[in-house]
Amino acid sequence: MKKETRRVKASLAAGAAAFSLVLVACGGTDNGSEARGDANSGDSEVSGDITLLTPIYEGNEGKQLLEEELLPQFYEQYPEVTVTVDYTNFGSLNEKLTTAVASGLVPDVMMMGVGWIEAFASNGVLADLGEHGVTIDELSGDFTPEILEGGVWEGDLYAVPIMLDTRFGIARKDILAEAGFTEPPGSFEELREYAIALTERSDSGELERAGFDLLSMDLRQMYEVFLFANGGSLFNDDYTEPAFNSPEGVEALQFLVDLVQEDEVEDIGFSSTDIDVHPLLNGRAAMAVGHNNLWIQLQEAAPELADELMPFSITGTQPGMFFGGTLATVSSGSSHPEAAMALVEFLAGEEAALAANEQRGNVPARTALLDSEYVQSNPLVQFAMENLDVAQREGGVPQWLEIRGDFTPAVESALLGQKTAQEALDDLADGARAAMDR
Amino acid sequence: MTIKPPGTASEAASAARRRPRRSIPAGRKLRRAGWLMVAPALAHTILWIAIPVLATLVLSFTDYQVFRAPRWVALENYVELWNDDVFRKATWNTIVYTFFTVPVSMAVAVVIAVLLNQKLRGRTIYRAAFFLPQVTATVAIAMVWLWMYNPQYGLLNGLLSMVGVPRQIWLGDPSLALWSVIAVGIWQGIGMKMLIYLAALQNIDQNLYEAASIDGASKVQQFFSITLPMLKPATFFVFVISIIGAFQVFDQIYVLTDGGPANATTMMTYEVYRSAFQNFRMGMACAQSVVLFAFLIVLTVINRRLTGGDEK
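Those protein sequence lines, which keep their order, are chains S and H.
Quick note on numbering: our numbering labels position 183 of the first sequence as 189, and the sequence is numbered without any gaps.
Quick note on numbering: our numbering labels position 198 of the second sequence as 326, and the sequence is numbered without any gaps.
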């Protein structure tokens, strides 16, 4: 835990705050934090020691960004606020939150993933941001409805999106060209055809290049991309029943099973989620479902391939793309809700969010940032932003965090042939139903 | 009425010596001192062991989901566990893991301890080398093993390919994954057991070996007739801590396999973790912990009976 303390003398800070207030008033930007400062009619009125729990701003670079660039700007605007930062990652976030809630020491500001809001909002851990002056209507111009919905529970806004993690198809243009393909696959059948043609094995039968890599991606997210592309959804419309074991869902999983078991476009064990270099970058795969931040890895590991990566929507009955992301929330038990709200709005504001996205190679949630230099210079992020209208998220029910943990073993059991696609998804649905009934 | 004149100081002192004490100062003082001395340990035990164990037991009968106050559900959690395929699989995996890691690592440890108890050149270095895995962070060890098990460029497949054996997917193949984890467990567990055995070996009276030699017993006979029986108390201790350690295996699974593939390597402790920190079901996690605790108690009692662990 790193304690960030404000070092600005009160008079300078007050001057800076007043100056920024004037800028806000004159500028009329739709930056949330600036708007909030205006609403408070004087930033020095907002005060208090608050805590921030964040799974982003990871590593030295992230910490440097937050502590040396972003928070000083925040302190200029809110000189009477002190922020204590608790860094974590998404893998440990649940543990942090669980112990925080159990001990009653819930951070004032918490960053969470898409699909997490429902659990925490439904149990009263999160503050309704509408009560602090930030409404869905106010934000609807800045975000697509699907993205905004990630922060909404039962019609109320509990979180403001900062960044998106998207998953979509990515192909190696040069490898496709070798096999005579100039366009990415436009349907499941084409995907299968391409994958078979692009798979390479040695004389002894050992896989040298996967036609389509499924295994470098978390299998839950991999499946969800195909589920969405096949017209399926995780739950029914009113979120009372699991729907991933619908015919569309089963067909999507069966397609993946066939790719592995029948078409043998990738062998189990050929890749995994903890690989150092993505197989698309070292030529061990021709196509894959990839994360938008693959571009960062490309720039570090194989910049010569910058023109060879070709993003595409996985398309079944419709184009499908998955998005997760990070949203900022305020604890319902915060002693300094105004200060916490100010920090949320600052971090979710255009400038801070853009910097955070750039550091992680992620997709800004705000549609206005499509035209930013960062987005325009990153083809994968640009592709994701241009196709956000087809992107779908996971979650929707308070029990999602429990249900999602069972997805990967279920998909694995189907890929390994231990269960049929129908059996795997039916068992998963039974578990989901039991969780939802509790 | 007569008034006794005051006596001299020596008379008073001797009277005091003669006067019987109103209590048992020596015994009481001793007891008080005893209580004072055990007080820190007692407070620690009550605060950090007894109360949490009791709380775990009570919470195991509740639906406690962190966000809300616990709700009494009686045996519901246990009924759910009984019908839970994944927990059943985790229990079986834990038993298999324990069944293979504990005896194998104990056998290897005792042999190594006997060897390192000889007057070998550089034996201190060997002892340190064998103990090193014990003091190294499991996460670091697991990372090294992850590299060794890597199907593409891992050391093990590299060695296998030199003798023409096809590449294995050590951690990705459900039929191999548990055995791969067990191998790591055996390797890591040898150090501590070896150390305990080594200490026990050095307490065996050398006259026994001399007498046996005079009687014509071979080294092997001495090992089975003197060394092993004399190591019985150490064996009981090693067995108990090994069983407990094996049943609590978590870090290896967390880093190596995440319980996969398809729950092939999930263990009881990993399921406790999942219930508590992924599913927010603290009541269920407590019930799973109680089941784990019950397993350990039963195994310890059985072992005590079998090995005569109560003998001094």
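Keep in mind the hints are simulated off the structure, nothing from the lab.
A portion of the hints provided could be inaccurate.
Claimed, not checked - Label pairs and their in silico Cβ distance ranges:
# : chain 1 : residue 1 : chain 2 : residue 2 : range
1 : H       : Met290    : S       : Glu268    : 30 to 36 Å
2 : H       : Ala169    : S       : Asn95     : 36 to 42 Å
3 : S       : Ser208    : H       : Ile425    : 52 to 58 Å
4 : H       : Pro294    : S       : Glu268    : 20 to 26 Å
5 : H       : Val232    : S       : Glu101    : 57 to 63 Å
6 : S       : Gly423    : H       : Ala169    : 53 to 59 Å
Said to hold, decoys possible - Cβ-to-Cβ under 7 Å is the rule here; a few derived chain S residues that face chain H:
#  : residue
7  : Asn100
8  : Ala106
9  : Val107
10 : Val112
11 : Asn129
12 : Gln267
13 : Glu270
14 : Ile274
15 : Gly275
16 : Glu408
17 : Pro415
18 : Glu418
19 : Ser419
20 : Gly423
21 : Gln424
To be verified - Computed footprint of chain S on chain H; a stretch qualifies when at least three of its residues, placed anywhere within it, have a C-beta under 8 Å from a C-beta of chain S:
#  : segment
22 : 190-197
23 : 300-311
24 : 388-394
25 : 404-410
Don't be surprised by glycine CBs; every beta carbon is placed ideally from N, CA and C.
Status of the hints after comparison with the structure:
As the Cβ distance of Met290/H to Glu268/S is approximately 33 Å, the hint placing it in 30 to 36 Å holds. In this structure the supplied range 36 to 42 Å holds for Ala169/H paired with Asn95/S, their Cβ-Cβ distance being about 38 Å. Restraint check, Ser208/S to Ile425/H: a C-beta distance of roughly 54 Å satisfies the suggested window 52 to 58 Å. Distance hint check: the CB atoms of Pro294/H and Glu268/S are about 21 Å apart, consistent with the given range 20 to 26 Å.
With their beta carbons about 33 Å apart, Val232/H and Glu101/S fall outside the hinted range of 57 to 63 Å. For Gly423/S and Ala169/H, the hinted distance range of 53 to 59 Å is satisfied, since their beta carbons lie about 55 Å from each other. Taken as an interface hint, Asn100/S checks out: its beta carbon lies about 5 Å from the nearest beta carbon of chain H, inside 7 Å. Checking Ala106/S against chain H: minimum C-beta separation of about 10 Å lies over 7 Å; hint violated.
A distance limit of 7 Å between C-beta atoms decides the matter here; for Val107/S the minimum to chain H is near 5 Å, and the interface restraint holds. The beta carbon of Val112/S is not positioned within 7 Å of any beta carbon in chain H (closest approach about 11 Å), and the interface hint is therefore violated. Proximity of Asn129/S to chain H holds as hinted, the smallest CB-CB distance being about 3 Å (cut-off 7 Å). Because the smallest distance between the Cβ of Gln267/S and any Cβ of chain H comes to about 14 Å, over 7 Å, the interface hint for this residue is violated.
Because the closest C-beta pair between Glu270/S and chain H is about 14 Å apart, greater than 7 Å, the hint is violated. Restraint check, Ile274/S versus chain H: the minimum CB separation of about 5 Å is within 7 Å; hint holds. The interface hint given for Gly275/S is met, as the beta carbon of that residue sits about 3 Å from the closest beta carbon of chain H, less than 7 Å. Below 7 Å, beta-carbon pairs count as interface contacts, and Glu408/S has one with chain H at about 4 Å; its hint therefore holds.
This hint holds: Pro415/S has a C-beta 5 Å from the nearest C-beta of chain H, less than the 7 Å allowed. Annotation: Glu418/S was flagged as interfacial toward chain H, and the flag holds, the nearest CB pair being 4 Å apart, inside 7 Å. Nearest Cβ of chain H to the Cβ of Ser419/S: about 4 Å, under the 7 Å cut. The hint holds. Hint status for Gly423/S relative to chain H: violated, with the closest Cβ pair at about 10 Å, above 7 Å.
Using the Cβ-Cβ criterion of 7 Å, the hint placing Gln424/S at the interface with chain H is satisfied: the shortest such distance is roughly 6 Å. A stretch counts as covered by a chain when three or more of its residues have a beta carbon under 8 Å from one of that chain; for the segment 190-197 of chain H and chain S the count is 5, and the coverage holds. Beta-carbon proximity to chain S at under 8 Å applies to 3 residues in the segment 300-311 of chain H; the threshold of 3 is reached and the given coverage holds. Given as covered by chain S, the segment 388-394 of chain H passes the check, having 4 residues with a CB less than 8 Å from a CB of that chain where 3 are the minimum.
For a cut-off of 8 Å, the count of residues in the segment 404-410 of chain H with a CB near a CB of chain S stands at 7, and the three-residue condition holds.
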